[in-house]
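Q: What follows is the residue order along each chain.
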Amino acid sequence: MNEEAKFDRGSALSIFGSDRREDFMAMVFALAIAFGVYISY
Amino acid sequence: MVYTKKSPALFIIGVIMLAIWWLADSGTMAPYIEHLANGKKYKYLTELTTLPLYFGAVAAVIGLWQWFGSHKESHWDYYSSSVAGGMFILLIAMLVRWFVAPEVAVISTGMGKVGETGSYIHKLLGLNYVVIGILTGIIIVNVFKIPAWAENGVRLSRLGLKTGVILLGTLYSAAELKNLGGLSIVMIGFFVLGSVGMVLWIGARRNIPNSMGGVLSAGMGVCGVSATVAAAPVVQAKSVEIAYTIGTILIWGVGCMFVFPIIGNLLGMSHVQFGAWAGTGILNSAQVAGAALAYQPDGIETLKVAEIFNITRVLVLPIIVLWLAVWYVKREGETAHKVNVGTVIFEKFPVFVLGFILMFALSTTGIFAPANHYKGKYFGNTPESGFKEEKLLKADQIAVLQGEASKVERADRKDALQRLMENGKVMSIADDDTLRGLVNAKVVSKDANKILKGAHKAVRHTAKKIAAFRDWITWLFAFGLVGLGMQITVGSMRQAGGQPAVIGGIVGLIKAVASLIVVMMLVSETV
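Same order as they appear, the protein sequences are chains A and B. Position 23 of the first sequence, counted from 1, bears residue number 76 in our numbering, the numbering being contiguous throughout. Position 403 of the second sequence, counted from 1, bears residue number 442 in our numbering, the numbering being contiguous throughout.
Heads up, some of the hints might be wrong.
[Unchecked claim] DEER-style ranges, computed between Cβ atoms:
1. 77(B) - 88(A): 35 to 41 Å
2. 77(A) - 506(B): 42 to 48 Å
3. 77(B) - 92(A): 34 to 40 Å
4. 74(A) - 404(B): 53 to 59 Å
5. 112(B) - 73(A): 20 to 26 Å
6. 454(B) - 73(A): 34 to 40 Å
[As the list claims (entries may be wrong)] Chain A regions said to be covered by chain B (calculated; three or more residues, Cβ under 8 Å):
7. 68-80
8. 85-93
[Said to hold, decoys possible] Partial list, computed: chain B residues near chain A (C-beta under 10 Å):
9. 71
10. 199
11. 206
12. 460
Hints are computed from structural coordinates only; laboratory data are not their basis. All figures in this text were calculated on a predicted structure; none of them were measured in a lab. We treat Cβ as the ideally placed atom computed from N, Cα and C, and that holds for glycine.
Chain A extracted, bound-state conformation (with noise of 0.2 Å):
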């Protein structure tokens, strides 16, 4: 199967166009969620 042809972007392990983007959105969503946390408990 290639997974080039198949998916425009991203990896066969990464829905990101690079490493550095995913490692950015990893970082949104654990500031997101420590916001979360922060506000709620």
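With chain A held as given, fit chain B onto it using these hints.
A: Just chain B now, with coordinates in the frame of chain A:
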């Protein structure tokens, strides 16, 4: 192309989640839950009566829109198409954690303990929700294939793992890093540099290309797949060499993930010892987390230690990239293209590690828990700081301690014990640490130790925010690891064939055995 599939799948997943919630919340499922509890308290009832409701509602609404809505090619279409696969992974994680793993435990317990080990087979094999979740993922991808509507979402699993690692930063305190950091730097420094050097040395003797040896050494030495990707441009590795390296790492990492917990159980390793061993000996970040959670599925101490070692290893990456750059240029001489090492490090350094450090910095300020918290718990022996008066030691418990007091010889332990008996509770953090040392030293009887442990628990309180972070981390890792299983195909395993697998096998085995010996000799329960 339009990525969103007009499929009822996501809606059906939502309905299944809502059905699980209703069956649990209405009590219809009570007899089954009692069966799964196996005579104990069922641990997941709160999760079972909340999470499927929230996620089921979201999945049902988005599922209806995906099924009946019109979709056009766009960024929104691309990213929203991943919701179906994400919910698919989440549903599997839920089913495995709440039902399959407890059922396996019930069956295993019914079969009785294994020989002289004193353990049940599911504990010996580490068959908990983490391992079963990964195995389920592997079976789905290799036997049934990933459905087209779920393909995009499966690729979210690494995002889940990275988010979980960043949030782990909230659980560490400066005190822990001070204790674990020094040890991890020494161990990781030795084993990372040793592994890289060994792969390069064996590779040169077995005449594999320098690019292959270089990329394999980074993968085997540092942190698996991400190190492989980071080192690849420095040694000008070809894509097939990267694939071989990743295949080797995967097959070794997956093998270690299942074998390490079994060995840990057989050797009776403490959480700190196992965490240190897994964080040093296992190649890839995801499998380090998998093994740590497999070893201690209902606690996070092992995972925290393993991740500290793992993150220390990631931080060594720039040094390895520099080393490989110099090594490669030397070996290849003038044929090597000029590679800007600084640019490669800047471009490839895993930024999520900085997120972990940021969370740790935030946690250290005391915004999530009192700044002196240790392992997410803080000291408090007054009603205002969370101490419950009914936890004061009873007269009979004090009598037991008084009967054992003569066995205690060290002056600091004697004094701390005296203060405990006089006040009925632990009076300071220093006393708490001293009495924990007394428990670990096994000086007094089991009954007295039990009372001391109770007194310790009474003055240690888990901050609500930290408890919430633990739940988030558990689920992010469960999600990420089920998705990881769905990326482990027989084809990727076969990629490990040939020389890289042989070299990787030799170095991986030496690293696992040597780090086990060092951990057993140097790492104590409390470090």
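Q: Can you verify the interface hint for residue 206(B): is its Cβ closer than 10 Å to any Cβ in chain A?
A: Residue 206(B) check passes; min Cβ-Cβ to chain A is 5 Å, inside 10 Å.
Q: Please verify that hint: residue 199(B), Cβ, nearest Cβ of chain A, below 10 Å or not.
A: Since chain A brings a Cβ to about 8 Å from residue 199(B), closer than 10 Å, the hint holds.
Q: Note whether the CB distance of residue 77(B) and residue 88(A) lies within 35 to 41 Å or breaks it.
A: Holds, since residue 77(B) and residue 88(A) (Cβ atoms, about 39 Å apart) stay within the stated range.
Q: Verify the CB-CB distance for residue 74(A) and residue 404(B) against the hinted window 53 to 59 Å.
A: 29 Å, violated
Q: Given as covered by chain B, does the region 85-93 of chain A meet the bar of three residues or more with CB within less than 8 Å?
A: Three-residue rule met by the region 85-93 of chain A, so holds; n is 5.
Q: Given a hinted range of 42 to 48 Å, is it respected by the beta-carbon distance of residue 77(A) and residue 506(B)?
A: With Cβ atoms ~28 Å apart, the hint is violated.
Q: Against chain A, with CB atoms and a cut of 10 Å, does the hint on residue 460(B) hold up?
A: Result: violated, 36 Å to nearest chain A Cβ.
Q: Between residue 454(B) and residue 73(A), does the C-beta distance stay in 34 to 40 Å?
A: For residue 454(B) and residue 73(A) the Cβ distance comes to about 55 Å; the hint is violated.
Q: Would the hint on residue 71(B) stand, with a C-beta cut-off of 10 Å toward chain A?
A: 31 Å, violated
Q: Can the suggested window of 34 to 40 Å be confirmed for the beta-carbon pair residue 77(B) and residue 92(A)?
A: Because 38 Å falls inside the window, the suggested range holds.
Q: Quick one: are residue 112(B) and residue 73(A) within 20 to 26 Å, going by C-beta?
A: With a Cβ separation near 25 Å, residue 112(B) and residue 73(A) satisfy 20 to 26 Å, so the hint holds.
Q: Check whether three or more residues of the region 68-80 of chain A sit with their beta carbon closer than 8 Å to a beta carbon of chain B.
A: Holds: 10 residues of the region 68-80 of chain A have a Cβ under 8 Å from chain B.
The structure fails to meet hints 2, 4, 6, 9 and 12 from the earlier list, while all remaining hints are met.
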